[in-house]
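Student: Spelled out from the first residue to the last, the chains are:
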Amino acid sequence: MTARTASRPADRARLKPTTVVWLLPAAVLLAVLFLVPVGYAIYLGFTNLELLGPFAQNFSFTGLANLDRMVHDPVFWLSVRLTLIFVIGSGIVAQTVLGLALALLGQRANVTVRTSVGAIVILAWVLPEIAVAFIWYTFAQAGGTLSYLIGHPTTNLLTSAPLLIVCVANAWRGTAFSMLVLSAGLRNVPAEVDEAAQLEGASYWRRLLRVTLPIMRPTIMTNMLLITLGTISDFTLIFVMTQGGPGNATAILPVYMYIEAFQFNALGYGTAIALTIVLIGALLSIVYIRQLRPELAKAKEAE
Amino acid sequence: MSVLTGVRRRESAENAATRGEAPPGQSRRSRWVINLIMGLIGIWFLLPLAWLLDAAFNPNAGPGLASPQLSVTNFIGAFHTGAGRDIANSLYLAIVSTLVTTAVSLLAGYSLSRRHVPFKGAVLVAVLFLTGLPVTMLLVPIYEMYVAFNWLNSPFWTSLVLASTSVPFAIWLLKNFIDQVPREFEEAAAIEGSGELRTLWRVVIPLALPGVLVSAILTFINAWGAFLIPLVLDSNPGQTPAAVGIYQFLDANAQVQYGPLAAYSILFSIPVLVLYLISSRWLQGGFAFAGGIKG
Amino acid sequence: MAKIVLEGVTKRFKGTTAVDDLDLEVEDGEFLVIVGPSGCGKTTTLRMLAGFDTPTSGSVMIGGKRVNAMPPKDRNLAMVFQNYALFPHMTVAKNLSFGMKIRHEPRATIESEIARIADMLGIEPLLGRKPSQLSGGERQRVALGRALLRKPQAFLLDEPLSNLDAALRTQMRTELQRIHRQFPVTTIYVTHDQVEAMTMADRVALMDKGRLQQIAAPQAMYEEPASAFVAGFIGSPKINLIPGRLRKTGSSVAVSCLSCDIPVNGSAGEVLRNGSADELLVGFRPEEIRPTVVDAADLPVVTGTVEVIEPLGPETHVVVRVGEETLTCKFPARAGLSVGGSIRLELDVAQMKLFDARTGDRIR
Chain A
1 MTARTASRPA
11 DRARLKPTTV
21 VWLLPAAVLL
31 AVLFLVPVGY
41 AIYLGFTNLE
51 LLGPFAQNFS
61 FTGLANLDRM
71 VHDPVFWLSV
81 RLTLIFVIGS
91 GIVAQTVLGL
101 ALALLGQRAN
111 VTVRTSVGAI
121 VILAWVLPEI
131 AVAFIWYTFA
141 QAGGTLSYLI
151 GHPTTNLLTS
161 APLLIVCVAN
171 AWRGTAFSML
181 VLSAGLRNVP
191 AEVDEAAQLE
201 GASYWRRLLR
211 VTLPIMRPTI
221 MTNMLLITLG
231 TISDFTLIFV
241 MTQGGPGNAT
251 AILPVYMYIE
261 AFQFNALGYG
271 TAIALTIVLI
281 GALLSIVYIR
291 QLRPELAKAK
301 EAE
Chain B
1 MSVLTGVRRR
11 ESAENAATRG
21 EAPPGQSRRS
31 RWVINLIMGL
41 IGIWFLLPLA
51 WLLDAAFNPN
61 AGPGLASPQL
71 SVTNFIGAFH
81 TGAGRDIANS
91 LYLAIVSTLV
101 TTAVSLLAGY
111 SLSRRHVPFK
121 GAVLVAVLFL
131 TGLPVTMLLV
141 PIYEMYVAFN
151 WLNSPFWTSL
161 VLASTSVPFA
171 IWLLKNFIDQ
181 VPREFEEAAA
191 IEGSGELRTL
201 WRVVIPLALP
211 GVLVSAILTF
221 INAWGAFLIP
231 LVLDSNPGQT
241 PAAVGIYQFL
251 DANAQVQYGP
261 LAAYSILFSI
271 PVLVLYLISS
281 RWLQGGFAFA
291 GGIKG
Chain C
1 MAKIVLEGVT
11 KRFKGTTAVD
21 DLDLEVEDGE
31 FLVIVGPSGC
41 GKTTTLRMLA
51 GFDTPTSGSV
61 MIGGKRVNAM
71 PPKDRNLAMV
81 FQNYALFPHM
91 TVAKNLSFGM
101 KIRHEPRATI
111 ESEIARIADM
121 LGIEPLLGRK
131 PSQLSGGERQ
141 RVALGRALLR
151 KPQAFLLDEP
161 LSNLDAALRT
171 QMRTELQRIH
181 RQFPVTTIYV
191 THDQVEAMTM
201 ADRVALMDKG
211 RLQQIAAPQA
221 MYEEPASAFV
231 AGFIGSPKIN
241 LIPGRLRKTG
251 SSVAVSCLSC
261 DIPVNGSAGE
271 VLRNGSADEL
281 LVGFRPEEIR
291 PTVVDAADLP
301 VVTGTVEVIE
311 PLGPETHVVV
321 RVGEETLTCK
331 FPARAGLSVG
341 GSIRLELDVA
351 QMKLFDARTG
361 DRIR
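Residue numbers (our numbering), protein chains in the order written: chain A, 1 to 303; chain B, 1 to 295; chain C, 1 to 364.
Misleading hints may appear alongside valid ones.
Unchecked claim - Below 25 Å or equal to it, Euclidean Cα-Cα: the simulated DSS-like pairs (lysine-lysine) are:
no., chain 1, residue 1, chain 2, residue 2
1, C, K248, C, K209
2, C, K65, C, K94
3, B, K120, A, K16
4, C, K151, C, K238
5, B, K120, C, K14
6, C, K151, C, K3
7, C, K94, C, K130
8, C, K73, A, K16
9, C, K73, C, K94
10, B, K120, A, K298
11, C, K238, C, K209
12, C, K151, C, K14
13, C, K330, C, K238
14, C, K14, A, K16
15, C, K3, C, K73
16, C, K209, C, K130
17, C, K3, C, K65
18, C, K65, A, K16
Since the hints were made in silico from the structure, they are not lab data.
It should be emphasised that the depicted structure is a prediction, and the values quoted were computed from it without experimental measurement.
Chain A extracted, bound-state conformation (with noise of 0.2 Å):
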């Protein structure tokens, strides 16, 4: 039944108005509030604007002095580093290790475990970030549960340790997803395929890697796309907990970007801060889509 209304031709191709009409709260929402400042960033971002002074009314554009300033700023490097180490490590290896770890035990756990572990580990991902933060800055005090589990109960982790520990709390917050994602992606794995290669002899890390891993790269790869895109622009976690310190130790990105915008007043260099995040966001995406080509063809193709 549906079938037979789907693949109906399409009739005639006429814009209605009403049509217009309906597009018209979106298109407009998007424009001013989304498209709008999206331009207008870009000009921005080669301007001197500043949050307070002679410079917040009167700016002009400054042609390529942010991106010198940039390209020379020790600390926007730094940034730089940390957010890679910030979005590979804790985004990319630690979740989806971790989240993998987790759908391939949950096969074949204990329905009890399996069932309350990812409760669980699905509660710490739907805390707002916010509750995150603050549960994860006192864990990491002097004092806290982790200082006491290291057997250092007067370190501040936070101060000695801070990448490491953001990095862990943001694992800890998002392993959930990828934790959902894989396990629907085992889930559609040929068991055939496996008892093949059990058959033929292999090991269950032979089979892993060689064997069900292989098959769910679209899935480990559009994973681990979305994850790359959600870190990267994260801010409320690191802000939260450290503020980007001590000094700079984890001013990722959007935090170093705050800083500057808004607390050391320089609205054009910030925003020229921001726009280096899409870019990187943008040629990371291209890769995992040169990742994902292969795949996609083959789909076109089953349409």
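Model the placement of chains B and C on the given structure of chain A, informed by the hints.
Tutor: Just chains B and C now, with coordinates in the frame of chain A:
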């Protein structure tokens, strides 16, 4: 065909685990190890949450775990610092942005699903592209615009920004859901004399309701937890949403008030938890989606 | 109630012509059945009448008004869809009242109308249920009820019986005819089933590949098909179409088939003698081929082998192989035949149809 039998067979491994048996090809000892490892991971996830619960009910809460008590002093303290007011602000932001996003995206998503739109393919790609744009990029230009129009420190205009950043994903989600609704029902409604709006409201939306609710709930959760945008656009005391409120409370005193903050955090988290529980049935299907597989 | 006219209506989709230059006039109150094989354009025609598709060229007139650009909701038609299209999230009562609410009918009227229709169609106990809780036949009746409540200019029915089982289908056919007698509204009924066409229609319009092949009353279409296609489509079991060659000997004309020479007289003979048709199709309906023991002098007789015997109760269908051709014949029951046996058949030449093998047009 092989995928079908594969899925069936894999499920039997899980089913065996459900029944409490070891799945075929697995020793009892290895199963014990698996459960142990998973349990340990679970405990690592549980510890911080356990502290939160412990501290919220402990009037003398510190950063470490203490013996559990049951006192509501912290909750009262949280309200004294403005938790009630801030949560109400969060509610306002979330509700307004959800209503605006859902209404606007329904109309657009339906049009993109059913009607002829010039360059529809390009529009859909653009919408998908917008869903991936980081919000940080919009911060400064919108701030400047809001200064110019004097829209700063307005919960309403702040919620509109939240709405606009949620719209691309909502349009994409709703369009895909509406695609699944057979067009026959709209044709039958048209024959009965129903105009387009009435058909949308009385026929299409009820049939696409799971999708509409998922979209609304996701938008709500997103707006509820919004931090950076309200921080920049609306940080007047008394107007801040709870996310910013908790941050300001954390920063306010030299001596961190762990107890009240823990209570505040729990209060702030409950609505989101409830919403997630309600919608988890619908969201499960969505994760196969996100994995790029036909769920 | 209205007269419907299609003038030169053509509908082209990307790459295909679904309906090709269709001229059709449906009288006020007439029950017209549009029938044809899959893809012949009958559903597209119906959808253009409803307003879901716009003609590429030509005019659609309902009640004298040209409605090409008029949206479906303003056409005051009623439609029964193949899959009924009952709103799944509404109860039967709400489905029925949907249209009346749009017309702002008063609540009392709505309730009395629903009661009336429910009584007429026997769906009273179903009013509080949702469509998913109904059987196919029940859903069909609710769809019918929804259409009847509209009091429309015309009814459009899109293969409404195709999802029902055979027994229910026969029952609903009678019911639909009864309803039409009670409410003689112009009705356009689309189906691929020629039995439905024959039993229900005032007139039948047969379409193939987007073109109208013939429009006539059922019996007339059966007895006087305009082409080989029509002859082959209408009538079950199908007419036997045997290739034949024209033989002109002097002033007489005969068609040669099945190792017989059958003389063709009269006007048809004239046409053949003067025309260029050479290859012919000879048509005998199954009931026009009878077993014979004693040869009648004027009827051609052929001999063949019985291949298949299908006893149907009141009659028996027999497939006989004659030379290279197979003939399907309708015999009285208990014909006393056995598979593999030899049989002599006489051909009722008086009823014989002749078609030009190249164009399909009927010559005799």
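Student: Confirm or reject each hint.
Tutor: Going down the list of hints, with the structure as the test:
{"no.": "1", "hint": "K248(C) x K209(C)", "in the structure": "violated (35 Å)"}
{"no.": "2", "hint": "K65(C) x K94(C)", "in the structure": "violated (32 Å)"}
{"no.": "3", "hint": "K120(B) x K16(A)", "in the structure": "holds (14 Å)"}
{"no.": "4", "hint": "K151(C) x K238(C)", "in the structure": "violated (39 Å)"}
{"no.": "5", "hint": "K120(B) x K14(C)", "in the structure": "holds (18 Å)"}
{"no.": "6", "hint": "K151(C) x K3(C)", "in the structure": "holds (15 Å)"}
{"no.": "7", "hint": "K94(C) x K130(C)", "in the structure": "holds (9 Å)"}
{"no.": "8", "hint": "K73(C) x K16(A)", "in the structure": "holds (15 Å)"}
{"no.": "9", "hint": "K73(C) x K94(C)", "in the structure": "holds (18 Å)"}
{"no.": "10", "hint": "K120(B) x K298(A)", "in the structure": "holds (23 Å)"}
{"no.": "11", "hint": "K238(C) x K209(C)", "in the structure": "holds (20 Å)"}
{"no.": "12", "hint": "K151(C) x K14(C)", "in the structure": "violated (36 Å)"}
{"no.": "13", "hint": "K330(C) x K238(C)", "in the structure": "holds (11 Å)"}
{"no.": "14", "hint": "K14(C) x K16(A)", "in the structure": "holds (20 Å)"}
{"no.": "15", "hint": "K3(C) x K73(C)", "in the structure": "holds (19 Å)"}
{"no.": "16", "hint": "K209(C) x K130(C)", "in the structure": "violated (39 Å)"}
{"no.": "17", "hint": "K3(C) x K65(C)", "in the structure": "holds (10 Å)"}
{"no.": "18", "hint": "K65(C) x K16(A)", "in the structure": "holds (23 Å)"}
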